[in-house]
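So the sequences go chain by chain: C and E. Heads up: the first sequence is residues 0 to 269, going by numbering that gives the first Met the number 0. Heads up: the second sequence is residues 0 to 269, going by numbering that gives the first Met the number 0.
Keep in mind that the hints are not guaranteed to be accurate.
[Unchecked claim] Listed next, the in silico SDA-like pairs over lysine to any residue satisfying Cα-Cα at most 20 Å (straight line):
(1) E/Lys126 - C/Ser152
(2) E/Lys163 - C/Gly160
(3) C/Lys163 - E/Lys126
(4) C/Lys163 - E/Lys163
(5) E/Lys126 - C/Phe156
(6) C/Lys35 - C/Lys246
(7) E/Lys126 - C/Pro149
(8) E/Lys126 - E/Gly99
(9) E/Lys27 - E/Ser45
(10) C/Lys44 - C/Phe28
(11) C/Lys126 - E/Phe156
(12) E/Lys163 - C/Glu170
(13) C/Lys163 - E/Gly160
(14) E/Lys162 - C/Gly161
(15) C/Lys27 - E/Ser100
(16) E/Lys33 - E/Lys246
[Stated by the list, open to error] Some chain E residues near chain C, calculated using beta-carbon distances under 7 Å:
(17) Ala62
(18) Tyr63
(19) Ala65
(20) Glu70
(21) Asp97
(22) Thr101
(23) Tyr105
(24) Met124
(25) Gly125
(26) Lys126
(27) Asp127
(28) Ser128
(29) Thr146
(30) Pro149
(31) Gly151
The set of hints was computed from the structure by calculation and includes no laboratory data. Beta carbons: idealized from backbone N, C-alpha and C, even for Gly.
Single-letter residue listing:
Number of protein chains: 2
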Amino acid sequence: MTFTDTLAAAWQHNNSLLCVGLDPDPAKFPAHLKGKTDAIYEFCKSIADATADLVCCFKPQIAYFAAHRAEDQLEALIAHIHANCPGIPVILDAKRGDIGSTAEQYAVEIFERYRADAITVNPYMGKDSVDPYLAYPDKGVILLCRTSNPGGSDLQFLDVGGKKLYEHVAELVATKWNTTGQCALVVGATFPGEISRVREIVGNLPLLVPGIGAQGGDVEATVKAGRTANGAGLMINSSRAILYAGKDENYADAARRAAVETRDLINRYR
Amino acid sequence: MTFTDTLAAAWQHNNSLLCVGLDPDPAKFPAHLKGKTDAIYEFCKSIADATADLVCCFKPQIAYFAAHRAEDQLEALIAHIHANCPGIPVILDAKRGDIGSTAEQYAVEIFERYRADAITVNPYMGKDSVDPYLAYPDKGVILLCRTSNPGGSDLQFLDVGGKKLYEHVAELVATKWNTTGQCALVVGATFPGEISRVREIVGNLPLLVPGIGAQGGDVEATVKAGRTANGAGLMINSSRAILYAGKDENYADAARRAAVETRDLINRYR
Numbered sequence: 000m001t002f003t004d005t006l007a008a009a010w011q012h013n014n015s016l017l018c019v020g021l022d023p024d025p026a027k028f029p030a031h032l033k034g035k036t037d038a039i040y041e042f043c044k045s046i047a048d049a050t051a052d053l054v055c056c057f058k059p060q061i062a063y064f065a066a067h068r069a070e071d072q073l074e075a076l077i078a079h080i081h082a083n084c085p086g087i088p089v090i091l092d093a094k095r096g097d098i099g100s101t102a103e104q105y106a107v108e109i110f111e112r113y114r115a116d117a118i119t120v121n122p123y124m125g126k127d128s129v130d131p132y133l134a135y136p137d138k139g140v141i142l143l144c145r146t147s148n149p150g151g152s153d154l155q156f157l158d159v160g161g162k163k164l165y166e167h168v169a170e171l172v173a174t175k176w177n178t179t180g181q182c183a184l185v186v187g188a189t190f191p192g193e194i195s196r197v198r199e200i201v202g203n204l205p206l207l208v209p210g211i212g213a214q215g216g217d218v219e220a221t222v223k224a225g226r227t228a229n230g231a232g233l234m235i236n237s238s239r240a241i242l243y244a245g246k247d248e249n250y251a252d253a254a255r256r257a258a259v260e261t262r263d264l265i266n267r268y269r
Numbered sequence: 000m001t002f003t004d005t006l007a008a009a010w011q012h013n014n015s016l017l018c019v020g021l022d023p024d025p026a027k028f029p030a031h032l033k034g035k036t037d038a039i040y041e042f043c044k045s046i047a048d049a050t051a052d053l054v055c056c057f058k059p060q061i062a063y064f065a066a067h068r069a070e071d072q073l074e075a076l077i078a079h080i081h082a083n084c085p086g087i088p089v090i091l092d093a094k095r096g097d098i099g100s101t102a103e104q105y106a107v108e109i110f111e112r113y114r115a116d117a118i119t120v121n122p123y124m125g126k127d128s129v130d131p132y133l134a135y136p137d138k139g140v141i142l143l144c145r146t147s148n149p150g151g152s153d154l155q156f157l158d159v160g161g162k163k164l165y166e167h168v169a170e171l172v173a174t175k176w177n178t179t180g181q182c183a184l185v186v187g188a189t190f191p192g193e194i195s196r197v198r199e200i201v202g203n204l205p206l207l208v209p210g211i212g213a214q215g216g217d218v219e220a221t222v223k224a225g226r227t228a229n230g231a232g233l234m235i236n237s238s239r240a241i242l243y244a245g246k247d248e249n250y251a252d253a254a255r256r257a258a259v260e261t262r263d264l265i266n267r268y269r
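The shape of chain C in the complex, shown without the other chains (with noise of 0.2 Å):
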């Protein structure tokens, strides 16, 4: 089965709009985990089995494994979520980025060796820096469309043949990129306005929407903006709210309630 049929899926029997972030900083764990071997793995392997039916992905953040020489608990974690949590795919946010012959790399790096069902992509480099992810027919591929940081208008907002950058990737996207239907887009949810634009120009293409909860993005707008006729298309993404609601050695309790009351906010608009 495809990324996006799989999402659709989970869409449909979790009733849900949510995306789990997991981006483990070791310096926030509960204290029985601290100096743990695989204190990442163990973290986020609890945090998967305790909101597995409350998500439509997940969404590992590879920086967060990287900084710690965790990969082997990235690659652990993600056969734990394909195994244990049939039907949730994984989205592996690396936001890769290269020429031809080094994105075959980068491709083999995450759906060969992580096994990831989908990867974020900066368009930056252009389409052939794309085609060796799209060449994997049943992966997805994200690319960065609106950031939702502060610095993301610098370039994103320039005024590109009396359209917005961001607006103009949105397009190339949906009427050339995604000719095979592999495609996502990533749009922040701190703005709102900018979702609706993008929903605009791509019809029913899913969009990944980081930036609710620690970020700031408010859910009401940002499901109102982005929703599709049939109230999905989005991935709703948020980790720190999630993924430290609590602090002991109860954290994957306090996470469940926190994905649950943002399960059900979300709903609420669709």
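Chain E: place on chain C using the hints.
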């Protein structure tokens, strides 16, 4: 010593603008290395040792290590270069780009774990996505500007108010992002006219120029377009043409001969 100062010293003491790109592809290794568990390290180490007096920097490409679970070999390689090739900075070609909190993790990965002297970064997410790298005052931050691949034009050639996007990025980096003198730019050798345009915009900012050799860029045109008044300012990268100049046990000697030739060819036009 900062990356920028180390680079300037290396241009001078090695009388070279050559950057050797370390993109290890085990399928192209000489037969006697195949199957060895540390073949990637061994191969790159021999190339570095054989060319250290001919280059101004080394540039390992992280994708080639990550695709083979060879992070430990990359760490060992950079440690070896620091110990055995004094005065030669190491650029880790990783083209990272993410929001501040994630970029902080990447900075830990690149500068603390791998101990690279500089990193390549994608500018699409704007200034605050670059700041966490600039927070390491001795390190270099090399922003993608005009890339050497065919699809580079998809976004970089868009007109933004009378100039092209890559020109805008060059201007932004030179006038606003480079307040601490840590920045450089990537400008592909496949477009010499654009190298000279970038040189006009950025003054003496160092330019990392991939694309000669396998990608077809012309050395004479590249050097004439990009050199500064004192005949420096460039890191001209060659990877495949040097790494795979020989196919047998004498591959390091063959790489050295190819590096001498390339360095001399570059110097002819400085």
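To see whether the hints hold, each was checked on the structure:
no., hint, result
1, E/Lys126 - C/Ser152, "holds, 9 Å"
2, E/Lys163 - C/Gly160, "holds, 11 Å"
3, C/Lys163 - E/Lys126, "holds, 18 Å"
4, C/Lys163 - E/Lys163, "holds, 14 Å"
5, E/Lys126 - C/Phe156, "holds, 13 Å"
6, C/Lys35 - C/Lys246, "holds, 16 Å"
7, E/Lys126 - C/Pro149, "holds, 9 Å"
8, E/Lys126 - E/Gly99, "holds, 9 Å"
9, E/Lys27 - E/Ser45, "holds, 15 Å"
10, C/Lys44 - C/Phe28, "holds, 13 Å"
11, C/Lys126 - E/Phe156, "holds, 13 Å"
12, E/Lys163 - C/Glu170, "holds, 19 Å"
13, C/Lys163 - E/Gly160, "holds, 11 Å"
14, E/Lys162 - C/Gly161, "holds, 14 Å"
15, C/Lys27 - E/Ser100, "holds, 14 Å"
16, E/Lys33 - E/Lys246, "holds, 12 Å"
17, Ala62, "holds, 4 Å"
18, Tyr63, "holds, 5 Å"
19, Ala65, "holds, 4 Å"
20, Glu70, "holds, 6 Å"
21, Asp97, "holds, 5 Å"
22, Thr101, "holds, 5 Å"
23, Tyr105, "holds, 5 Å"
24, Met124, "holds, 5 Å"
25, Gly125, "holds, 3 Å"
26, Lys126, "holds, 4 Å"
27, Asp127, "holds, 4 Å"
28, Ser128, "holds, 6 Å"
29, Thr146, "holds, 5 Å"
30, Pro149, "holds, 5 Å"
31, Gly151, "holds, 5 Å"
Checked against the numbered hints listed earlier, the structure breaks none of them; every hint is satisfied.
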